[in-house]
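Note that the UniProt record's numbering gives residue 8 to position 8 of the sequence shown, counting from 1, and the numbers run on in steps of one.
It is possible that part of the hints are untrue.
Stated by the list, open to error - Computed cross-link-like contacts, SDA-like style, restricted to lysine to any residue with a CA-CA straight-line distance of at most 25 Å: (1) 42 with 53; (2) 42 with 54; (3) 75 with 53; (4) 88 with 106; (5) 60 with 88.
It should be emphasised that the hints constitute simulated quantities derived from the structure, not laboratory data.
Keep in mind that this is a model prediction, so the values were computed, not measured.
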Amino acid sequence: MKRALDNNSKGQAKSRNECGNEELINLHREIEGLQRLISQVKGDWLDGLGLKELQQLEQKLETGLTRVRSEKEIKLREENKNLRRQIKELCGKALQDPESSECISNLEALQAYLEESSESDTSLQLGL
Numbered sequence: 001m002k003r004a005l006d007n008n009s010k011g012q013a014k015s016r017n018e019c020g021n022e023e024l025i026n027l028h029r030e031i032e033g034l035q036r037l038i039s040q041v042k043g044d045w046l047d048g049l050g051l052k053e054l055q056q057l058e059q060k061l062e063t064g065l066t067r068v069r070s071e072k073e074i075k076l077r078e079e080n081k082n083l084r085r086q087i088k089e090l091c092g093k094a095l096q097d098p099e100s101s102e103c104i105s106n107l108e109a110l111q112a113y114l115e116e117s118s119e120s121d122t123s124l125q126l127g128l
């Protein structure tokens, strides 16, 4: 009876070990696939791809680039808004200081330029 129990527990341990190995193999395959995808996104390891796969990769990259540009534009607009606010604050402080006439004229010229440039919304787009 003891021998039967020992054999049974050895079989269960072996079965658990095989499941662990299979899971490990699957994880290695997944890692290799993700590494390949990263290489392809960076432009490496494209030789094995067919036309359809290249088009799919290109579409994914274009979608990602559009998102990056959109986020960048939002950040630039926020930074621009903050800089304009800082300039207005500096103009207000300079107007309170009667000894800073040169500073006032420089700030007024800068403020006039900023108001003029804010009326026309121009943006630079790079074509790739």
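Quick rundown of the hints versus the structure:
no.: 1; hint: 42 with 53; result: 15 Å, holds
no.: 2; hint: 42 with 54; result: 13 Å, holds
no.: 3; hint: 75 with 53; result: 33 Å, violated
no.: 4; hint: 88 with 106; result: 12 Å, holds
no.: 5; hint: 60 with 88; result: 42 Å, violated
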